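One letter stands for each residue in the lines below.
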Amino acid sequence: MDIFLQQIINGLVLGSIYALVALGYTMVYGILGLINFAHGEVVMIGALVSYSVMMVLVPSGLPPVLLALISVLVAAPVCMALAWAIERYAYRPLRHAPKLTPLISAIGVSILLQNMAMMIWGRGYHAFPDILPAIHFDIGGAQITLLQTVTIGLAALTMGILAWMIQRTSLGQAMRATAESPAIAELMGIPVNRIITLTFVIGAALAALAGLMVGANYSVAHYYMGFMLGLKAFTAAVLGGIGNITGAMLGGLLLGLIESLGAGYIEDLTGGFLGSNYQDIFAFLVLIGVLVFRPGGLMGERVSERA
Amino acid sequence: MTPFARHALSLTAIALASLSLTACGKKEAPPTAGNEVIITIGHAAPLTGPQAHLGKDNENGAVMAIDELNSRGMSIDGKKVKFVLVSEDDQADPKAGTTVAQKFVDKKVNGVIGHLNSGTTIPASRIYSEAGIPQISGSATNPTYTQQGFKTTFRVFANDIHQGQALAQFATKSLKAKTIAIVDDRTAYGQGLADEFKKAAEAAGAKVVAQEFTTDKATDFKAILTKIKASNPDVLFFSAMDAQGGPALKQARELGLKATFLIGDGGCTPEFIKLAGNAADGQYCSLPGVPLEKMPGGTVFKDKYQKRYNQQIQLYAPYVYDAVMVMADAMQRANSAEPAKFLLEVGKSQYQGVTAKVVFDAKGDLAAPAVSIYQDKGGNWSYVETVDAAAAAK
Numbered sequence: 001m002d003i004f005l006q007q008i009i010n011g012l013v014l015g016s017i018y019a020l021v022a023l024g025y026t027m028v029y030g031i032l033g034l035i036n037f038a039h040g041e042v043v044m045i046g047a048l049v050s051y052s053v054m055m056v057l058v059p060s061g062l063p064p065v066l067l068a069l070i071s072v073l074v075a076a077p078v079c080m081a082l083a084w085a086i087e088r089y090a091y092r093p094l095r096h097a098p099k100l101t102p103l104i105s106a107i108g109v110s111i112l113l114q115n116m117a118m119m120i121w122g123r124g125y126h127a128f129p130d131i132l133p134a135i136h137f138d139i140g141g142a143q144i145t146l147l148q149t150v151t152i153g154l155a156a157l158t159m160g161i162l163a164w165m166i167q168r169t170s171l172g173q174a175m176r177a178t179a180e181s182p183a184i185a186e187l188m189g190i191p192v193n194r195i196i197t198l199t200f201v202i203g204a205a206l207a208a209l210a211g212l213m214v215g216a217n218y219s220v221a222h223y224y225m226g227f228m229l230g231l232k233a234f235t236a237a238v239l240g241g242i243g244n245i246t247g248a249m250l251g252g253l254l255l256g257l258i259e260s261l262g263a264g265y266i267e268d269l270t271g272g273f274l275g276s277n278y279q280d281i282f283a284f285l286v287l288i289g290v291l292v293f294r295p296g297g298l299m300g301e302r303v304s305e306r307a
Numbered sequence: 001m002t003p004f005a006r007h008a009l010s011l012t013a014i015a016l017a018s019l020s021l022t023a024c025g026k027k028e029a030p031p032t033a034g035n036e037v038i039i040t041i042g043h044a045a046p047l048t049g050p051q052a053h054l055g056k057d058n059e060n061g062a063v064m065a066i067d068e069l070n071s072r073g074m075s076i077d078g079k080k081v082k083f084v085l086v087s088e089d090d091q092a093d094p095k096a097g098t099t100v101a102q103k104f105v106d107k108k109v110n111g112v113i114g115h116l117n118s119g120t121t122i123p124a125s126r127i128y129s130e131a132g133i134p135q136i137s138g139s140a141t142n143p144t145y146t147q148q149g150f151k152t153t154f155r156v157f158a159n160d161i162h163q164g165q166a167l168a169q170f171a172t173k174s175l176k177a178k179t180i181a182i183v184d185d186r187t188a189y190g191q192g193l194a195d196e197f198k199k200a201a202e203a204a205g206a207k208v209v210a211q212e213f214t215t216d217k218a219t220d221f222k223a224i225l226t227k228i229k230a231s232n233p234d235v236l237f238f239s240a241m242d243a244q245g246g247p248a249l250k251q252a253r254e255l256g257l258k259a260t261f262l263i264g265d266g267g268c269t270p271e272f273i274k275l276a277g278n279a280a281d282g283q284y285c286s287l288p289g290v291p292l293e294k295m296p297g298g299t300v301f302k303d304k305y306q307k308r309y310n311q312q313i314q315l316y317a318p319y320v321y322d323a324v325m326v327m328a329d330a331m332q333r334a335n336s337a338e339p340a341k342f343l344l345e346v347g348k349s350q351y352q353g354v355t356a357k358v359v360f361d362a363k364g365d366l367a368a369p370a371v372s373i374y375q376d377k378g379g380n381w382s383y384v385e386t387v388d389a390a391a392a393a394k
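Protein chains in written order, with the UniProt record's numbering: chain L, 1 to 307; chain G, 1 to 394.
Derived from the structure by calculation, the hints contain no laboratory data.
None of the values given here were measured: they were computed from a predicted structure.
Just so it is clear, CB atoms sit at the ideal spot from N, CA and C, and this is done for glycine as well.
Careful: at least some of the hints might be erroneous.
If you only want the chain G side, here are some residues facing chain L, beta carbon under 10 Å, derived [said to hold, decoys possible]: (1) T48; (2) Q51; (3) H53; (4) L54; (5) D184; (6) E212; (7) T214; (8) I224; (9) A276.
All chains should be modelled from the sequences, with the hints used to inform the complete structure.
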């Protein structure tokens, strides 16, 4: 039974990270109807910037928790500035172009960022330093580390703050209005362009945090890590109902659990026909399943409304 | 344009033209210079791109052998011979590899040393085989190379079968493992090595209690490691490169998996230790061959190499050096540099080389290949023992 529990814990950690990234996809889609395929690369930049900051600060002898805090305080603005630039120069000029055009622009930005990262940080894998002491808790035979606990907690806290901001503040109200109808929001005196930029920038801050979490939990960062992560987070957003904030969180957690349990039990379920190398297949099976049977996702209705 | 500039330009052009003419003249030297017979040896390795440092290292080994042969003054069939090395860049690319091979065949080289990678060596070997030109590789480890049924393929380096068997022997005999878990990355290298390891470990009486797979791009191994933890193996063999092995080992320890960690030559690097951090301490890896210090002529070769090139040996230079020497030795015994005539003699080699005594089996692989095991001690791979891979197979 502890194996089952352990897979649930693995899945929750993975799912928290997916959820943070999925929020970036879903918020941008909610407002612009654009799938920002460069978002995964923003996570990657976040991870690599945090890595560099930590490596610079390691000799200073500061406690690792503080290092992580400083690194995210540097990585977040970098990612936010990057997201601002992407929105300003890759998407805004194409805002009234056919839907396919900004999508291709997004893929272009993603390739550009990958290559930039390869030039700055090299092709190699970078070992992430330990940011928390290796403390284990035992839950019914399964191990959960302090880092995993903090990851899940921090993700939940961040998402809680975001949900509160969107439902309760005037900025959130403006975002929701812009999502509903940019033209009418504009007429009501909402600075639509600024709201769109803010959406991108908030998503990037979450991405920076997610990047740090991936690096810390799997102890490795490299220029290519954003690609698959981005696709899976996108799947999580679709699963929850793209454009729906609560849906993205739910979708992320669910996808993480599906993936961990799937990889853990696929061999037993298929009698050894499929193995754990199919770990990455689950996200895409889920994506296809959702698109076929419930295009709106678990919580979203707006996709069908818009289409 | 001023008259002066015009004159200067035309003069430069003439100078350049005459320079290139003399350069061509040198290149087109006749195959015999006086009473000397020229023997051409082709050498192929990546000399550009990310593996250029390894390719250049191989080339250095070949150059050292050729120079030594020439200074020694060998004669075949009563005539003095001079060895000439033609080194080509195959870019570690199978397509470029076959182009180079065709070039060597057209040039009628007497023998070929190389290539460096299995991916280039295997397609090129067909071309040499059709032309009947002997080929000796000092670094390609994929077993397929010598298993194609060609009579021209030889290798002075342990292959992946040997490595898998040696690792299995180490796990079962030295570590006394009863239960083993295997993870591989489903690449030609990872999967091939894992299969050989599994066969040999089971033959030695160990039980494979879990076999899982990942990819060569994965970073999250927690799901499969959790499964492995359930089977509580004595040894975990991770058949992949350092970029996966390092993080996997770290994640295994986070999950409380206590198995001794074993990885092949793809993980026997400083990079692995960097990625795994403290978790690497006390864990094992393997490399074909014996450490330079333990080779019969290792320290002498190392000094000569460092004196000449003012740098450390990367990896395969001594093996490539031996490959050239084995080929020259076969020519001497056949009393001919004709490929058809000395080919048979290559197979009968009993050459005491720098790396080991080179004796081939029926396929052209080493009859007694060695594989060495290393253990991480305080952040460095240090030598543990050498396993006689051929004996391990029996």
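Going through the hints against the structure:
1. Interface restraint check: T48/G against chain L, minimum CB-CB distance 16 Å, threshold 10 Å, status violated.
2. Residue-level restraint check for Q51/G is violated (minimum Cβ-Cβ distance to chain L is 12 Å; threshold 10 Å).
3. With 10 Å as the threshold, the beta carbon of H53/G stays out of range of chain L, its nearest partner Cβ sitting at about 14 Å, so the hint is violated.
4. With its C-beta approaching chain L no nearer than about 16 Å, L54/G sits outside the 10 Å limit, and its interface hint is violated.
5. At about 9 Å, the closest approach between the beta carbon of D184/G and any beta carbon in chain L falls short of 10 Å, and the interface hint on this residue holds.
6. Hint status for E212/G: holds, given a least beta-carbon distance of 5 Å to chain L, under 10 Å.
7. For the restraint placing T214/G at the interface with chain L, the shortest Cβ-Cβ distance is roughly 6 Å, inside the 10 Å limit, so the hint holds.
8. Given hint, I224/G at the interface with chain L, holds; its Cβ is 4 Å from that chain's nearest Cβ, closer than 10 Å.
9. Because the beta carbon of A276/G sits about 8 Å from the nearest beta carbon in chain L, less than 10 Å, this interface hint is met.
The structure fails hints 1, 2, 3 and 4 (numbered hints given earlier, in ascending order).
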